[in-house]
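Residues per chain, in single letters:
Number of protein chains: 2
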Amino acid sequence: MEEWDEVEVPDNVKEIFVEMKNTAELMVDLAYSAVLFREKEMAEEVLELEEYLDLLNYNLMVRAVLSARNLRDAERITSILQMGRSIDEISNAAADLAKMVIEEKLHPLINEVILESEETIGKVEVSPESILVGKTLKELDLATNTGVWVAAIRRGRRWIFDPDEDTKIMPGDIIIGRGTRTALEYLKEIAKGILKVMGNG
Amino acid sequence: MEEWDEVEVPDNVKEIFVEMKNTAELMVDLAYSAVLFREKEMAEEVLELEEYLDLLNYNLMVRAVLSARNLRDAERITSILQMGRSIDEISNAAADLAKMVIEEKLHPLINEVILESEETIGKVEVSPESILVGKTLKELDLATNTGVWVAAIRRGRRWIFDPDEDTKIMPGDIIIGRGTRTALEYLKEIAKGILKVMGNG
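As you go down the protein sequences, you meet chains A and B in turn. 47 is the number of the first residue of the first sequence in our numbering; add one for each residue after it. 47 is the number of the first residue of the second sequence in our numbering; add one for each residue after it.
Because the hints were derived from the structure by calculation, they are not lab data. As the structure is a prediction and not an experimental result, all values here were calculated from the model. It is possible that part of the hints are untrue.
Which copy is meant is left open, because identical chains are indistinguishable; a pair holds if it fits in one copy or across any two.
[Claimed, not checked] Quick list of in silico lysine-lysine cross-link-like pairs, PhoX-like style, CA-CA up to 25 Å: (1) Lys60 with Lys242; (2) Lys60 with Lys169; (3) Lys151 with Lys60; (4) Lys169 with Lys184; (5) Lys60 with Lys145; (6) Lys214 with Lys238; (7) Lys242 with Lys145; (8) Lys234 with Lys184; (9) Lys181 with Lys238; (10) Lys145 with Lys214; (11) Lys145 with Lys86; (12) Lys145 with Lys181; (13) Lys242 with Lys86; (14) Lys151 with Lys181; (15) Lys151 with Lys242.
Isolated chain A, as found in the complex:
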């Protein structure tokens, strides 16, 4: 990510707020993925996103406070600041997890805990034969069709963090996703080219 003074912050209170919630959730997924796969570059991304989130939270606070016109307004606007703080707390927790990866002192038990949770993290490699190849994330809608939430894609030597709906899947891509073990297994079968149909289509 670029320097913060070049970063575009959405300029409407709601958009800032939605961006904060999405960013914090992405950070948690990336943080657990970084811990599981000992991926320092991913951990660094989480720390950069934390700075971005702090900037968003600051902008949210300024705009929310500015919009208060009377006591009743002020009381309700306080709930916006409180929710902003909760989202910020979640992002701090993700950043603390990411720092553990950078410090390189992880206990092996941590991997087992991530792998055995109800929602876990998996790496899925896309074979050239897979029906995923050449389609955008919007067309694929993996969250609905397979139950896997895509947090990042490894393409050759580079990472695509938080891929958007226009990102096209390429042969050899490694998808980092969050879901149940069943959902991740299902996506693996599709990515290997074993299953040729997906979800309800």
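Keeping the supplied structure of chain A fixed, place chain B upon it in accordance with the hints.
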């Protein structure tokens, strides 16, 4: 939930840790649901789960510290305590959200933010004609087949929080789920009885 001295805490470090991660994630889903639907009973559940999580975290710390035998062990075990603290931070953020529901001073913008996030929360009512009726959550595997994560079920006047895999869906149940808007819409079609097949089956 009962009094804490009657609560059973898993007695193996890994099980405690997995239970902590699952509980914190459930708390976040329930907290956002409580905020969106102004459900005080659900908010109270989040606060009770927070106490349970504190108890789990205390047990995790005691057992982890006890298991250290030398300096190298101790360094790695520190990462277990750190991850426990991160999970605890996430649960505190969820509890803060829940408290906002109890204080009844929510700004309407908060609903819009939850509804417009990438992952959102929805209420899905099950009609007697739906293929969901009479099946257990294990059989249905909604997380894989529809992309919706079930956080709670409203059955008549009572709530089932964190339903387990043996929970059977009954006609009239209201499922509180987390997923993308598309996934929630898809589950709604199935729950209404409009769609008679689901996922890859």
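Right, here's what the structure says about each hint:
1. Lys60 with Lys242: This pair counts as neither: shortest intra-copy Cα distance 40 Å, inter-copy 37 Å.
2. Lys60 with Lys169: between (33 Å within a copy, 22 Å between copies)
3. Lys151 with Lys60: between (39 Å within a copy, 18 Å between copies)
4. Lys169 with Lys184: both (20 Å within a copy, 24 Å between copies)
5. Lys60 with Lys145: between (30 Å within a copy, 22 Å between copies)
6. Lys214 with Lys238: within (17 Å within a copy, 34 Å between copies)
7. Lys242 with Lys145: Neither: 40 Å inside a chain and 47 Å across chains, both beyond 25 Å.
8. Lys234 with Lys184: both (19 Å within a copy, 20 Å between copies)
9. Lys181 with Lys238: within (15 Å within a copy, 31 Å between copies)
10. Lys145 with Lys214: neither (31 Å within a copy, 42 Å between copies)
11. Lys145 with Lys86: Classified as within: same-chain Cα gap 9 Å, cross-chain 36 Å, threshold 25 Å.
12. Lys145 with Lys181: Neither: 35 Å inside a chain and 43 Å across chains, both beyond 25 Å.
13. Lys242 with Lys86: Intra 35 Å, inter 46 Å, cutoff 25 Å: neither.
14. Lys151 with Lys181: Neither. Shortest intra-copy (39 Å) and inter-copy (45 Å) distances fail the 25 Å Cα cut-off.
15. Lys151 with Lys242: Intra 42 Å, inter 50 Å, cutoff 25 Å: neither.
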